[in-house]
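Enquirer: The lines below spell out each chain.
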Amino acid sequence: MSRLSNVISDSLRHCPEKECLADPLVRFTFRELESFINGTAQNLINIGIRKNDHIAVAVENSAIYIIVYLALLKVGAIVVPIDVTLNKNNVDFIVDDCSVKHIVYSDFTRDLVGKNGLFLQDLVENSDRTVDVEDVAEEDTACILYTTGSTGFPKGVVLRHRNVYASLANISKYIKYNSNFRELVPLPLTHSFGLNQVLSNLLNGGFAYIIKGFGRIKQILNILEQEQMTCFPGTPTSFRLVMDKYLEHFKKAGKSLTDIIINSSPLPPKDASLMLKELPNINLIIYYGLTEVSRSTFHTHSLDLDEKYLSSVGTAAPNVEVAIMDSEGNHLGPNKEGEVIVNSGTLLKEYWNDPELTEKSTINGWFRTGDQGYLDEAGYLFLTGRLKDQINIGGLKVTAQEIIRAIESFNEVEEAFVFGVHDDLNGEVPIAFAVLEKNITKDDLLSRLSNTLETFKLPRELYFVDKIPKSETGKILKSKIVDMHKKMTNNA
Amino acid sequence: MEIRDRVYNVATKVLDLDRSILNEELSIGDVRTWDSLGQVSLISALEKEFGCEFDIDETLEMESIGDILEIIKERS
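Residue numbers (numbering that gives the first Met the number 0), protein chains in the order written: chain A, 0 to 491; chain B, 0 to 75.
No lab work stands behind these hints: they were computed from the structure. This one's a predicted model, so the numbers in the text were calculated from it and none came from an experiment. Backbone N, C-alpha and C fix where the C-beta goes; we use that ideal spot for every residue, glycine too. Fair warning: there could be bad hints in the mix.
Claimed, not checked - With a straight-line cut-off of 25 Å between C-alpha atoms, the simulated BS3-like cross-links for lysine-lysine are:
id, chain 1, residue 1, chain 2, residue 2
1, A, LYS17, A, LYS254
2, B, LYS12, A, LYS486
3, B, LYS12, A, LYS87
Stated by the list, open to error - Part of the chain A face toward chain B, derived, beta carbon under 10 Å:
id, residue
4, GLU59
5, VAL83
6, THR84
7, PHE107
8, LYS211
9, PHE213
10, ARG215
11, ILE216
12, LYS217
13, LEU220
14, THR236
15, SER237
16, LEU240
17, ASP465
18, LYS466
All chains should be modelled from the sequences, with the hints used to inform the complete structure.
Expert: So this is what it looks like as structure tokens:
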């Protein structure tokens with residue numbers, strides 16, 4: 000049984016009166032949650048929502064979001080989550096591209112919705128009656144997640160019920176979710192990181208408390224302490240903020256924490272090292288995955304491991320295979336660099352409306368991640384960059400990631416980003432942007448870089464900026480940085 | 000210039016907001032740009048504007064424009 004719509008079935012049987020879901024306004028037991036899912040599902044049926052209808056959900060983080068999500072899945076509809084921070088143009092793009100029949104909206108997202116909106120408060124209701132619905136199979140499509148990505152238009156990733164369920168099973172097995180878990184989730188529910196954290200708790204009898212983001216540190220500290228949270232997921236940027244400014248408050252409030260889960264972008268080794276030293280009793284878990292193949296590797300950082308593993312994203316998740324492929328499709332042995340490919344039950348069904356991209360994305364059943372990396376002898380994956388981020392300097396190649404790592408290894412630098420720009424002489428040259436933690440001149444930084452990088456890899460231009468543009472989920476927005484660079488060079 | 004005007008000017012610039020939506024109830028998370036990173040930038044800009052350094056407990060209390068005004072007025 001791997002229908003996502005049944006995610007709370009076991010917990011409902013074993014612990015119906017246990018609290019399972021909350022936000023600052025409401026709290027639900029499993030029985031109450033089931034009642035609201037049924038009532039909402041009936042309302043959806045009454046207004047004509049049927050199996051395979053594409054229904055967008057543009058609702059901010061809340062317990063009610065989960066009710067609507069699970070009610071839609073119960074009816075067999077296909078959920079299209081809409082990030083509430085998107086502007087109207089991007090929302091309209093997704094609605095058109097995906098042939099959305101209706102958009103569920105709240106007071107907060109009223110401006111994003113044109114015609115065919117369904118107001119949230121009109122839909123959500125509890126009911127003790129069971130709902131008569133069409134059968135939903137594990138092969139049926141559950142959702143279409145539009146990836147924010149970092150360049151270009153969003154792509155719709157089509158996931159079956161069994162794909163998402165497989166991801167939850169892998170997460171549950173590695174992190175050992177159980178009914179004692181109490182997790183504070185500040186991450187957007189429109190992306191698989193945040194949503195799967197909540198669903199993993201529901202699947203395993205745990206408790207998920209949802210808030211609207213990482214902005215209100217006081218709220219986070221209060222909830223961690225008062226609710227005695229055991230698990231707390233976030234992005235590297237969020238945790239860096241906490242570690243820099245609120246460490247002692249966090250240690251006090253987070254006394255019950257046993258697990259911290261970090262993703263959306265790589266956790267720099269020096270940040271991992273600091274967290275391990277300051278929070279020695281907490282499992283610091285990272286993972287690597289894409290929306291297309293969720294949670295492909297997992298790793299629990301430890302000071303007992305060799306320091307090199309601070310740069311690894313871990314080993315293959317339960318029930319997942321990870322390999323490295325050369326440009327001709329051959330699998331490579333240990334310590335050989337190539338494209339990271341993944342074979343897993345989480346593998347997407349297709350890219351919505353893009354059979355060409357769907358075909359290019361797999362090879363012999365393995366998903367081509369577009370990431371470059373290598374596996375060591377023990378099966379640990381080390382990412383070395385995006386294939387597309389390779390910079391070709393007059394025939395000599397370097398990945399942007401290698402230069403970024405070199406720049407970020409200096410204590411004066413908080414964060415860096417590197418990309419290639421056209422050069423008449425060399426074809427392409429690297430350009431670097433850096434956010435400083437302490438003062439350093441450009442000349443000093445470049446001079447020190449020349450001790451670690453070959454001359455051809457040194458950035459030809461170096462800019463110090465206040466921050467590097469990122470999406471809501473922490474992904475660096477390359478297109479915005481490229482625009483920044485164009486403006487800087489035009490004004491020069 | 001009044002404290003309110005100075006705070007509103009900083010918030011408008013740092014959070015890239017239209018002045019018309021600013022009010023004392025506006026809080027973190029109400030607008031897209033006022034997330035955790037927006038909050039860090041806002042506090043830093045306010046410290047520069049008012050020539051002060053807020054302590055950790057003060058920054059924790061700054062969840063809305065009204066909170067910010069109250070804290071700055073208390074300091075004055």
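Enquirer: Please go over all the hints and tell whether each is borne out by the structure.
Expert: Here is how each hint holds up against the structure:
{"no.": "1", "hint": "A:LYS17 with A:LYS254", "in the structure": "23 Å, holds"}
{"no.": "2", "hint": "B:LYS12 with A:LYS486", "in the structure": "19 Å, holds"}
{"no.": "3", "hint": "B:LYS12 with A:LYS87", "in the structure": "22 Å, holds"}
{"no.": "4", "hint": "GLU59", "in the structure": "8 Å, holds"}
{"no.": "5", "hint": "VAL83", "in the structure": "8 Å, holds"}
{"no.": "6", "hint": "THR84", "in the structure": "4 Å, holds"}
{"no.": "7", "hint": "PHE107", "in the structure": "9 Å, holds"}
{"no.": "8", "hint": "LYS211", "in the structure": "5 Å, holds"}
{"no.": "9", "hint": "PHE213", "in the structure": "4 Å, holds"}
{"no.": "10", "hint": "ARG215", "in the structure": "5 Å, holds"}
{"no.": "11", "hint": "ILE216", "in the structure": "6 Å, holds"}
{"no.": "12", "hint": "LYS217", "in the structure": "4 Å, holds"}
{"no.": "13", "hint": "LEU220", "in the structure": "7 Å, holds"}
{"no.": "14", "hint": "THR236", "in the structure": "7 Å, holds"}
{"no.": "15", "hint": "SER237", "in the structure": "6 Å, holds"}
{"no.": "16", "hint": "LEU240", "in the structure": "6 Å, holds"}
{"no.": "17", "hint": "ASP465", "in the structure": "7 Å, holds"}
{"no.": "18", "hint": "LYS466", "in the structure": "7 Å, holds"}
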